[in-house]
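Numbering-wise (full-length UniProt numbering), the sequence shown opens with residue 1 and increments by one.
Read the hints as simulated data drawn from the structure, not as lab findings. Hints may be right or wrong, so weigh each one.
To be verified - Under the rule of at most 27 angstroms between Cα atoms (straight-line distance), these lysine-lysine pairs were calculated in the BS3-like manner: (1) K885 to K829; (2) K769 to K850; (3) K618 to K262; (4) K161 to K59; (5) K829 to K819; (6) K111 to K59; (7) K850 to K887.
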Amino acid sequence: MKEADEIFASLSQPDAYVWSALISAHSDLSEFAEAEGLYHQMVNSSVVPDGHVFLAVLKACSQSLNLEEGMHIHSCILKYGLDSDIYLGNALVRLYSNAGVLEAAYILFKKFTDIRDVVTWSTLIQGYMEYGFSFEAYALFDQMQQEGIHPNEFTLVSTLKACSGIGEIEYGWNVHSFIIQHGFEHNLFIENTLMDMYVKCNNLETALIVLNKLSKQDVLAWSIILGAYAKNQMFEETLDVFCGMQQNGLKPDPVTCILLTKACQNSESLAYGRQIHSLIIENGQELQYDVGSSVVEMYVRCNSLEDAQALFERLPKHELPIWNVIIWGYCQVGNPGKAYQMLNAMEHEHVLPNSEIFERLIRGSLMSGELDKGKEIHSYLVKLGIDSSNSIQNALIDMYTEFGFFDDALQFFNNSSELDIVAWNIVISRYSQFSLNKEAAFFFEKMQKAGFYPNQITWNALISAEVCLENAIDLFWQMQVEGVAPNDTSFVCILQKCSIYGQLNQGMEFHSYAAKFGLDACMIIENMLIDMYAKNNSLETARFIFDKLKKWDVVTWNVMIAGYTMHGHALEALKLFYRMQQNNINPNKSSFVAVLQACASIALLEHGKQIHYLITSKGFELDLHVGNALLDFYAKCGLIQDVHVFLNRLPERDGVAWSTIISGCSKCCNYPLASQCFRDMLSENIKPNASIFLALLSACSHAHRLDEACFYLRIMSLQHGVTPTLEHFMILVELFGKVGLLKEAEELLETLPWSSKPVGWMSLLGSCKKHRSVELARRCFANLMEMREKSSSSYVLLSNIFEEAGMENAVEDVVRSRKHADAWKQPAKSYIEVDNQIHEFIVGDTSHPKCEEIYSKLRTLHSELKNEEGYEPHVGLIHKGLSIKEKEMNLWAHSEKLAVAFGLLCMPEGTTIRVAKNLRVCADCHDVAKLISIRERRDIVIKDTYCIHHFKDGSCCCENFN
1 MKEADEIFAS LSQPDAYVWS ALISAHSDLS EFAEAEGLYH QMVNSSVVPD
51 GHVFLAVLKA CSQSLNLEEG MHIHSCILKY GLDSDIYLGN ALVRLYSNAG
101 VLEAAYILFK KFTDIRDVVT WSTLIQGYME YGFSFEAYAL FDQMQQEGIH
151 PNEFTLVSTL KACSGIGEIE YGWNVHSFII QHGFEHNLFI ENTLMDMYVK
201 CNNLETALIV LNKLSKQDVL AWSIILGAYA KNQMFEETLD VFCGMQQNGL
251 KPDPVTCILL TKACQNSESL AYGRQIHSLI IENGQELQYD VGSSVVEMYV
301 RCNSLEDAQA LFERLPKHEL PIWNVIIWGY CQVGNPGKAY QMLNAMEHEH
351 VLPNSEIFER LIRGSLMSGE LDKGKEIHSY LVKLGIDSSN SIQNALIDMY
401 TEFGFFDDAL QFFNNSSELD IVAWNIVISR YSQFSLNKEA AFFFEKMQKA
451 GFYPNQITWN ALISAEVCLE NAIDLFWQMQ VEGVAPNDTS FVCILQKCSI
501 YGQLNQGMEF HSYAAKFGLD ACMIIENMLI DMYAKNNSLE TARFIFDKLK
551 KWDVVTWNVM IAGYTMHGHA LEALKLFYRM QQNNINPNKS SFVAVLQACA
601 SIALLEHGKQ IHYLITSKGF ELDLHVGNAL LDFYAKCGLI QDVHVFLNRL
651 PERDGVAWST IISGCSKCCN YPLASQCFRD MLSENIKPNA SIFLALLSAC
701 SHAHRLDEAC FYLRIMSLQH GVTPTLEHFM ILVELFGKVG LLKEAEELLE
751 TLPWSSKPVG WMSLLGSCKK HRSVELARRC FANLMEMREK SSSSYVLLSN
801 IFEEAGMENA VEDVVRSRKH ADAWKQPAKS YIEVDNQIHE FIVGDTSHPK
851 CEEIYSKLRT LHSELKNEEG YEPHVGLIHK GLSIKEKEMN LWAHSEKLAV
901 AFGLLCMPEG TTIRVAKNLR VCADCHDVAK LISIRERRDI VIKDTYCIHH
951 FKDGSCCCEN FN
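Model the full assembly from the supplied sequences, consistent with the hints where possible.
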């Protein structure tokens with residue numbers, strides 16, 4: 001080009017043809033400014049431009065998007081009477097289309113009605129397509145055929161891209177049919193665009209058919225399919241396509257490798273990400289900057305900062321975007337210290353950080369809870385003098401308000417000359433979060449006076465923070481009166497309130513209202529609906545919504561599993577957990593917490609151990625919440641010594657962990673270990689809370705330690721500042737009753753300030769049975785009826801007391817009252833694990849495949865225990881008009897006896913039999929279990945709703961106290 005310019009400069013009077021050639025050459029080399037400059041130089045030298053010159057300079061203007069210059073050329077074309085030239089007309093249509101002035105392009109298009117050709121049509125179709133007018137582009141494609149103009153490959157490519165924009169496959173099928181009918185199906189350019197169209201219309205199956213029919217497959221064709229799989233995070237399919245590409249002799253280009261990395265965007269896909277990295281290394285492309293950077297970003301998104309850092313250090317250069325990615329990664333995993341080190345390294349390499357990096361560093365400090373590190377970054381910003389941008393100021397306001405430093409945050413807020421809606425929303429949201437509703441309301445009013453209109457974020461913050469359901473609902477409606485439509489977050493906030501306050505009917509109304517907005521199919525709302533229905537014991541509705549979903553995420557599975565667990569359907573919860581993995585949904589920490597609670601509820605030790613192994617393999621074992629769930633699981637399985645060992649392995653032990661182990665000791669009737677754990681906790685400077693004292697008092701109750709209970713009740717407020725609640729006093733009432741201080745228990749109940757105390761009166765009623773106090777039992781029952789407490793247990797206890805006192809008429813009266821109140825207890829169920837299978841038994845169960853063997857074993861045990869061990873059946877527990885023998889048979893059909901007998905039949909000798917029951921173990925089953933432990937030389941563990949009974953050598957850990 002240099003030589004051409006020199007020859008041109010040597011010419012004394014170049015003509016229009018020479019000027020045109022030189023302008024075209026510069027335009028072809030993308031030297032648009034030089035091309036346009038030459039045109040003006042030509043005009044100034046009095047050379048009259050011809051059509052070729054105008055074509056050349058219009059090409060430069062069109063490609064450089066210099067509309068002003070192009071319009072000047074258009075006026076010159078009109079001046080010289082060349083406006084009827086179709087070639088110049090097409091160039092002008094291209095100029096206006098490229099610049100987005102589609103109305104002008106269409107006017108010219110209409111002007112050339114009689115002479116427009118396929119180029120004119122194709123140019124306007126391309127313009128409409130590129131600026132998002134896909135339907136108009138497709139309409140032009142139809143119209144040109146009606147006018148007898150045959151589309152060429154450029155027309156078809158633009159039209160196919162327009163079909164992608166429309167997103168409806170029917171349009172694409174019509175164009176595909178045209179392609180086949182007119183012999184374009186072997187044009188690689190068209191075929192690749194066709195595949196891309198099917199991919200973007202979510203018809204991957206047809207795209208694969210097109211790929212397989214290609215006469216010649218290039219890298220682009222494979223990359224289109226690979227990119228589609230990668231976008232949908234279909235890891236195995238992405239790798240299969242990549243391998244297929246290599247088997248066809250095609251070496252992936254950098255774009256293909258970058259697409260590969262997009263398949264892995266979270267920690268669950270890390271293993272696939274490492275495979276992809278290996279393939280990129282094999283192809284020798286790891287250290288190509290764009291490819292290497294995308295692999296680093298992949299590792300960052302997979303939370304594998306170690307891998308990301310290792311590759312980052314191997315890259316030959318580091319530009320600003322890759323620094324941004326690696327610093328963002330460390331901030332995301334809560335390591336702002338390492339992010340700050342990378343900032344220093346960045347400066348060492350003389351790369352100037354931008355505001356985005358500092359914003360991420362501040363937000364990283366916020367996420368990790370390291371205010372000092374955030375302040376350090378703030379000081380650094382002040383030093384550089386770049387703390388005035390909106391994004392950084394908002395990040396600083398967010399950080400200081402998150403930690404409750406509102407005065408510091410308001411300094412930025414009040415001194416800012418360019419407040420935006422984001423800053424107002426941060427301040428209002430944070431005040432709401434800290435329940436400072438007056439301050440939130442003040443800023444809500446102030447923002448409107450400042451000319452900012454509350455948006456969905458503002459209203460959602462106020463709704464979320466409102467502790468009163470009625471007020472939250474009022475805000476929800478006020479939001480719409482003010483012209484702001486609720487979004488998915490608005491409905492989640494209000495549905496969550498309905499769930500928390502148990503207002504299922506109102507929740508159902510908002511469910512219907514969400515459907516009117518078309519938001520009931522939004523995944524976050526679907527998950528919230530499942531959660532609301534499940535938590536409010538409407539499990540059938542929750543499961544109906546769950547089953548009709550087309551797509552589930554890990555949260556969907558978690559809320560359904562948690563719902564089943566909460567309402568005593570542990571087996572359903574466990575089935576869902578296994579089905580979740582079969583559906584390729586990887587459980588997260590919340591999944592493991594929920595399923596461990598299910599296993600703990602019915603003491604599924606073997607299944608729980610398998611889940612523990614899975615937790616360990618995923619590296620979650622030492623996470624605080626998962627660790628606490630494991631503690632709870634092993635404690636509820638009665639393995640309290642193992643729990644203590646595991647507690648000592650946890651790197652962090654909070655109040656929940658100590659509360660769990662103390663509660664476990666209590667359930668296992670191990671007061672000495674519970675009190676020791678309390679002392680160990682205090683030695684670690686953990687402040688005891690109400691839950692910990694509740695567990696400790698419960699341990700005292702199980703062990704009949706009245707003096708110790710009174711001591712702990714006294715010090716909880718005097719030494720530790722914890723105010724006793726109704727639950728704490730109820731345990732004291734229970735303990736008074738156990739040790740025979742019935743009068744003191746009654747007086748305590750009558751003097752407590754709380755109006756409703758059904759738990760206390762029920763507990764005292766149970767003590768009346770033990771101490772045979774009929775009159776007090778009547779008063780307890782009367783108080784329960786006054787509180788409208790229609791639990792079947794109160795009727796059963798009172799009838800048992802009357803039965804033992806020989807008051808047959810009174811028993812009949814209670815039975816009639818019970819029938820009238822429709823107060824029937826839930827069916828008793830017992831569970832046992834054998835060979836990794838869970839077996840469920842109900843009273844008198846005959847559905848089990850081994851029921852004949854089970855009842856045969858029970859008959860043998862009944863005879864042996866009665867004749868040789870001095871067993872006396874508790875026939876007084878049965879109130880029906882039955883004979884003594886029938887009552888005995890009824891007792892020996894209890895679910896826990898069936899489960900124990902099944903364990904004796906199917907489990908190896910010496911193995912501990914572990915049974916869980918959904919109600920309390922009756923006195924007869926308790927005595928039988930003790931005797932069986934001697935007779936069969938077995939440890940038997942029965943977990944009921946009150947206690948974990950460990951029977952060994954004829955005695956129980958509860959020492960018959962319970």
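How the hints compare with the structure:
no. : hint         : result
1   : K885 to K829 : 24 angstroms, holds
2   : K769 to K850 : 37 angstroms, violated
3   : K618 to K262 : 23 angstroms, holds
4   : K161 to K59  : 23 angstroms, holds
5   : K829 to K819 : 22 angstroms, holds
6   : K111 to K59  : 21 angstroms, holds
7   : K850 to K887 : 23 angstroms, holds
Checked against the numbered hints given earlier, this structure breaks only hint 2.
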